[in-house]
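From first to last, the protein sequence lines are chains A and B.
Numbering of the first sequence is given in my numbering, commencing with residue 89 and proceeding in unit increments.
Numbering of the second sequence is given in my numbering, commencing with residue 129 and proceeding in unit increments.
No lab work stands behind these hints, which were simulated from the structure alone.
With a straight-line cut-off of 20 Å between C-alpha atoms, the simulated DMTMM-like cross-links for lysine to aspartate or glutamate are:
#, chain 1, residue 1, chain 2, residue 2
1, B, Lys163, A, Glu346
2, B, Lys163, A, Glu353
3, A, Lys91, B, Glu250
Computed footprint of chain B on chain A; a stretch qualifies when at least three of its residues, placed anywhere within it, have a C-beta under 8 Å from a C-beta of chain B:
#, stretch
4, 102 to 111
5, 159 to 165
6, 339 to 346
Every value quoted in this text rests on a predicted model; they were computed, and no experiment measured them.
C-beta atoms are modelled at their ideal positions from N, C-alpha and C, and glycine is treated no differently.
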Amino acid sequence: MEKATDTVKRGLAEMLKGGVIMDVTTVEQARIAEEAGAVAVMALERVPADIRASGGVARMADPKVIEGIMEAVTVPVMAKCRIGHFVEAQVLEAMGVDYVDESEVLTPADESYHVDKHRFKVPFVCGAINLGEALRRLGEGAAMLRTKGEAGTGNVIEAVRHMRSITGEVRRLATLPEEELMSAAKELRAPYERVVEVARTGKLPVVNFSAGGIATPADAALMMQLGADGVFVGSGIFKSEEPAVRARAIVRATTHYEDPELIAEVSRGLGEAMRGMEISEISKENLIQFRGW
Amino acid sequence: MAGNEPTIGVLALQGAVAEHLVMIEACGARGVGVKRPSGLDGVNGLIIPGGESTTVGKLIDEYGFGNALLELGAAGVPMFGTCAGLIIMAGRVEGRHGPVLGLADVTVRRNAFGRQVDSFEEDVIVRGIEDESRPFGAVFIRAPVIEEVGAGVEVMARLEKGVVMARDGNYLTSAFHPELTGDTRVHDYFLRMVRESISERDMEV
Chain A
89 MEKATDTVKR GLAEMLKGGV IMDVTTVEQA RIAEEAGAVA VMALERVPAD IRASGGVARM
149 ADPKVIEGIM EAVTVPVMAK CRIGHFVEAQ VLEAMGVDYV DESEVLTPAD ESYHVDKHRF
209 KVPFVCGAIN LGEALRRLGE GAAMLRTKGE AGTGNVIEAV RHMRSITGEV RRLATLPEEE
269 LMSAAKELRA PYERVVEVAR TGKLPVVNFS AGGIATPADA ALMMQLGADG VFVGSGIFKS
329 EEPAVRARAI VRATTHYEDP ELIAEVSRGL GEAMRGMEIS EISKENLIQF RGW
Chain B
129 MAGNEPTIGV LALQGAVAEH LVMIEACGAR GVGVKRPSGL DGVNGLIIPG GESTTVGKLI
189 DEYGFGNALL ELGAAGVPMF GTCAGLIIMA GRVEGRHGPV LGLADVTVRR NAFGRQVDSF
249 EEDVIVRGIE DESRPFGAVF IRAPVIEEVG AGVEVMARLE KGVVMARDGN YLTSAFHPEL
309 TGDTRVHDYF LRMVRESISE RDMEV
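Work the whole structure out from these sequences, hints included.
Structure (structure tokens):
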């Protein structure tokens, strides 16, 4: 019997494809998410919009909160550790969390290095804004990727930019002759072997979800049509007027992302979406997406 | 129909749909993703893939797939459930959330091997597939196990914890993910069930 192989780690992410992973902060929210059809929940103490509003250092959630959520639902439970905080990751692994998100949404713990994810049995998901960052995370052992977007804004523009950037760079790599791949690796600041793998197969070797700023069913379907394997919705659900109804609508729109009639139907009368922020009004040092190295 | 390639539907509500489609093509059949009950028309076999069983169970209800899938099964069309698909097809499910379709005469337990850190790969002997003495590299992810099988159910593979692959007439179920390997023998076996069911139908006509 072999545990924690790449196949097993990446395999769980394959099973989540076409689904919605929802941020939850309480047992009650976790139940609402599961009832609405979430494929997994992300247990955390504050959703990104609240982290943004209240400031201070954002850390791994209280184990009691995470354990309560693990007790309450049958879907997989993910939890976030700070970038580079390998002890938070060890704690989450010891608790039996199903996936660790080494997340820029929390305050980074290391300004130079990410967690060495190869050393863990628990699989990791990491954020990326471009292909180079995605491949660096894979080089460190991530088993799943997500585009970062700009968390807690309810504004989908950054999620779109990051997804287009990654899919565009993958397409470009696939057209390059072998002798140009080393220079491509240098430009991308990415491990050469990973660059060669993407160039040969024309796709990422792991599942890639979209995250950061998704607030409506149409946002979710947009990211799916742009090539996401699934979506993370953070503040978008529990910062809206009617979380249960919106959660269910986003799940349906993600399944049927190519069916505008159905998206119209599920989008009717959802109540107010989260308010949302214009990205240009956020100062550069407050942009979460640039955390990560 | 005989002579033509069979068409295999893969329930495409959520989960590892693409991997099954690749395997179906590799076995020389035509695969189609099914997102609506109307998509079941004309399929010669159906795969319910791995995914999150709680989620897929809800979406089956929501899109009115329940009766359509029960009718398909009752008509004798071969159906294959992997992991979450096994839970969806099982007659009895232990623990929270009851059975969904209740087609196969088996009792399953969700997450029988533990959480994700306990997921594993293991070589198992699968009876009935081609070259059966050669182990199949099976991938178990938060996998269920079959704790009990009914009288007419053929046990095809087993681990210490319990049964991990079984056939109940036209219902094939596995706790592991044959679609995550490069080995087509389990899908070949299912395709054989499909071809046999097509030729039996032709004989009746």
